[in-house]
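Enquirer: Construct the entire structure; sequences and hints are all you get.
Whatever position you read off the sequence shown (first residue = 1), add 22 for our numbering.
Do not rely on the hints blindly, as some may be mistaken.
[Claimed, not checked] Distance ranges between label pairs, derived from CB positions:
no., residue 1, residue 2, range
1, Ser-95, Phe-118, 15 to 23 Å
2, Phe-118, Leu-85, 13 to 21 Å
3, Ser-71, Asn-44, 21 to 29 Å
4, Ser-110, Ile-43, 14 to 22 Å
5, Ile-111, Ser-148, 32 to 40 Å
6, Pro-75, Ser-95, 14 to 22 Å
7, Ser-52, Arg-72, 29 to 37 Å
8, Phe-118, Arg-79, 32 to 40 Å
Hint data in this document are derived by calculation from the structure and do not stem from the laboratory.
The C-beta atom is built at its ideal place from N, Cα and C for all residues, glycine as well.
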Amino acid sequence: MEYLLDTDWAIDHLNGVQRTINGLERFLPSGVGISIVSLAEIYEGIYGSRNVPGEERAFQRLLELLEFVEIDSEICRIFARERRRLRSIGALIGDFDLLIGATAIHHNLTLLTNNFRHFGRIDGLSIVPG
Numbered sequence: 023m024e025y026l027l028d029t030d031w032a033i034d035h036l037n038g039v040q041r042t043i044n045g046l047e048r049f050l051p052s053g054v055g056i057s058i059v060s061l062a063e064i065y066e067g068i069y070g071s072r073n074v075p076g077e078e079r080a081f082q083r084l085l086e087l088l089e090f091v092e093i094d095s096e097i098c099r100i101f102a103r104e105r106r107r108l109r110s111i112g113a114l115i116g117d118f119d120l121l122i123g124a125t126a127i128h129h130n131l132t133l134l135t136n137n138f139r140h141f142g143r144i145d146g147l148s149i150v151p152g
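Expert: Okay, structure coming up:
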């Protein structure tokens with residue numbers, strides 16, 4: 023596995039954004055994972071939709087292509103160090119984004135994201151922008 027799919031890429035894929043669909047197809051042969059944090063964010067959106075069963079089915083089809091990436095104590099340490107650094111320079115980002123970034127760093131994965139504004143602040147994170 024070489025890539026970690028950020029929540030925004032997953033949502034764009036589910037919404038049929040062609041450049042994201044094409045991009046994901048390009049990276050899948052190298053292995054793409056998804057953080058359990060992204061799962062939580064996406065399920066929140068699904069449960070707020072008008073078509074929960076249809077959205078869940080579409081998400082399950084996407085998940086069949088991906089590997090789940092859990093959070094462990096080392097990811098929490100990376101998260102805490104980077105959060106402290108960002109706080110000290112007045113550049114904090116959301117905890118979910120920071121956990122996703124820490125997960126990518128820990129597993130030496132390149133993050134597939136459209137959110138360079140936040141993820142670009144994380145030291146040592148490799149990003150492929152959408």
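Enquirer: Is it true that Ser-110 and Ile-43 lie within 14 to 22 Å of each other by Cβ?
Expert: 39 Å, violated
Enquirer: For the hint 29 to 37 Å, verify it against the beta carbon of Ser-52 and that of Arg-72.
Expert: About 35 Å separates the Cβ atoms of Ser-52 and Arg-72, which means 29 to 37 Å holds.
Enquirer: Given a hinted range of 15 to 23 Å, is it respected by the beta-carbon distance of Ser-95 and Phe-118?
Expert: Holds, since Ser-95 and Phe-118 (Cβ atoms, about 18 Å apart) stay within the stated range.
Enquirer: Taking the beta carbons of Ser-71 and Asn-44, is their distance inside 21 to 29 Å?
Expert: With a Cβ separation near 24 Å, Ser-71 and Asn-44 satisfy 21 to 29 Å, so the hint holds.
Enquirer: Starting from the hint 14 to 22 Å, judge whether the C-beta atoms of Pro-75 and Ser-95 obey it.
Expert: 36 Å, violated
Enquirer: Phe-118 and Leu-85, beta-carbon distance inside 13 to 21 Å?
Expert: 18 Å, holds
Enquirer: Range hint 32 to 40 Å: satisfied by the CB atoms of Phe-118 and Arg-79?
Expert: 24 Å, violated
Enquirer: Note whether the CB distance of Ile-111 and Ser-148 lies within 32 to 40 Å or breaks it.
Expert: 21 Å, violated
In this structure, the hints that do not hold are numbers 4, 5, 6 and 8, in rising order.
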